[in-house]
Amino acid sequence: SQQGEEDPQALSIQEGENATMNCSYKTSINNLQWYRQNSGRGLVHLILIRSNEREKHSGRLRVTLDTSKKSSSLLITASRAADTASYFCASATDSWGKLQFGAGTQVVVTP
Amino acid sequence: GAGVSQSPRYKVAKRGQDVALRCDPISGHVSLFWYQQALGQGPEFLTYFQNEAQLDKSGLPSDRFFAERPEGSVSTLKIQRTQQEDSAVYLCASSTDPTQETQYFGPGTRLLVL
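Here the protein sequences come in this chain order: X and D.
Numbering follows my numbering, with no gaps: position 20 of the first sequence is 20.
Numbering follows my numbering, with no gaps: position 59 of the second sequence is 170.
By construction, these hints were calculated from the structure, which means they are not laboratory data.
Warning: the hint list may mix true and false statements.
On the chain D side, residues computed to face chain X include the following (Cβ under 8 Å) [as the list claims (entries may be wrong)]:
| no. | residue |
| --- | --- |
| 1 | S142 |
| 2 | Q152 |
| 3 | P218 |
In this text, a Cβ means the ideal position worked out from N, Cα and C, and glycines have one as well.
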């Protein structure tokens, strides 16, 4: 079973707009990570936020974490057509680093 | 160096056949994970190796699934007597060691069971 849910399931925006997606999880975490997956490809790690952090930035990406609500959000600013992909949140809950993924948000950015 | 590689990239099997999926992790990576990704879903954890030791196999869906990593590098995921519900993409990921949270994923093997 999946650890979390993502919202929205799909998002269609135009180049230059911002894209925001949300993730909720069920159990206490060590960290939460966001991955991108292009069609037919493996997952690419985007950003990691630890349970004691509230916000993190990496380039055009901004991630927030609210452990009291067991939720996280990923914001992609000034989106580009190349950002078209599926985005997954994944929570790490044990010492091995095993990841529990959400169902993903499919983002389409049109030129 | 090279990233995580997996072979074959695509596999079509008749129901009841056995299949073997290979993962070559990044050289020197201690941790290796297998995940199963059904169409339109996020990956689900199958099993974890630390070097050659299989420390967690809680995600393997049945005793038809078996994984090994005998020399602590290459890993094989074997599925016996495949069923249609086994159709999915099987992803392998590795990381330098358990303290490093970032996992590097291979391209996956897409398995179709007819």
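We went through each hint and held it up to the structure:
1. S142: holds (6 Å)
2. Q152: Because about 6 Å separates D:Q152 from the closest Cβ in chain X, which is inside the 8 Å limit, the hint holds.
3. P218: holds (5 Å)
Violated hints: none; the structure is consistent with every hint.
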